[in-house]
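Kindly generate the complete structure, drawing on both the sequences and the hints.
Protein chains in written order, with the numbering used here: chain A, 1 to 321; chain B, 1 to 166.
Source of the hints: derived by calculation from the structure; they are not laboratory data. The structure displayed is predicted, hence computed values, not measured ones. The beta carbon of each residue, even a glycine, is placed where N, CA and C say it ideally should be. None of the hints are false.
Output of the computed footprint for chain A on chain B, the stretches with three or more beta carbons under 8 Å from beta carbons of chain A:
no.: 1; region: 53–62
no.: 2; region: 65–76
no.: 3; region: 103–112
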Amino acid sequence: MAFLNRNPQLNQHGELQHLLTIEGLGAGMLRHILDTAESFVSVSEREVKKVPLLRGKSIFNLFFEPSTRTRTTFEIAAKRLSADVINLNINASSQSKGETVLDTVDNLAAMQADMFIVRHAESGAAHFIARHVAPHIHVVNAGDGRHAHPTQGLLDMYTIRHYKKEFHNLRVAIVGDVLHSRVARSQIHALTTLGVPEVRVIAPKTLLPAEVERMGVQVYYDMPQGLKDVDVVIMLRLQNERMRGALLPSAQEYFKSYGLTQDKLALAKSDAIVMHPGPMNRGVEIDSDVADGTQSVILPQVTFGIAVRMAVMSILAGSKQ
Amino acid sequence: MQLPEAEKLVQAMAQQIEPCLGENSVMVGMHTGGVWLAEKIHALLERDIPMGTLDVSFYRDDFSQSGLHAEVAPSDIPFDVTGRDIILVDDVLYTGRSVRAAMNELFDYGRPSSIILAVLVDRGGRELPISSQVTGAVLALAPDQNIQLNRDPQGQLSLSLRLTTA
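Right under this line is the structure:
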């Protein structure tokens, strides 16, 4: 029953056919994506910001959950590869009429889709679609529930490598709502796979998944302790709705304990970089002085995100059927 | 088959290129062999002209058959292409498809004033109306023969011939 154990993201040649999660991908594959992305960075700096690689391909942005930044960067990435992009905000149309996800996908496949970029509030939605589609169609997970957001994880790795060159000598801290964060899960898998020796998570107990240590991270409840001598600080967005769920007392209280200020950042290494997947809650998880400060690489993350998504889409589209 | 010495061909190429150089000349090497050649030629020229490198992976016409190449290097064109006289350097001219891809890519950087093609070996077998203006050697090779440029750790270039396994 070998096929049951096979990574559903890879074809029989070991090539990436879908990108659903970073979990299970080897360091070689991750480095290949980052290296390819490096070549795409310069494309975005030219007079004609386009290469003809995916000319004639149709890429559907299938967003069952609202998103502006991720959808836009996928759209720009696809357009810079010369693909045709169709944006669908599903909650606004067919879902409200009662169509199932697979019916929606079948209909779009009948329109000769080549790739689906899927964002869904349910964990596993992208896997579900990937198992269903014909072999020539590729699926990219653009965030499913609490599970994974692999392109965000990859662009964070690209950013870290850009500023820190290597992974094997780094101390990285991820701060905030790890419990609800698909971004944090993807980051942890990527960091440990790429050989970062020390990954820390810093959060109140109520915002950490049970047995998070088993993912290979060290847990800190105290932010100053956790930030000591780190090279990279990754802040997570605190979703406002968590406040209502009685997980946290108040935004002010949270900022006092787990918000990143210049004073707290001073405990990290002097050349530490500050990252955030966006959108930011200024004054809740991060102080404006830090977000706009010299150590912040939050906007370069967005720029690199386009190149990383170009790399993922072209690697998938180039895999054998 | 006796292969010519790559280092001697490079010198001959530099001599052919020298009189073509003008105010707006730049040299662009195509990954990987063309970059090695361009560096060598550049060192032999009397005039110091800007250098760039090109990896045509994103412009190849066989993407739908063979996908993306395993190792893509970033293209690096550190000058404005518009109005330049470009010397495009590659190791082996065969079907002409890589050169077509390279020209397409160059035009996405700007509008060059002219492009000339300099190759180490023209091995025949063209599938497109493309020819080189500077040529190190012309060799008649069979389709199953594969000529390759190598660089040893000391930086010396040499040619080798292999049979392609189908």
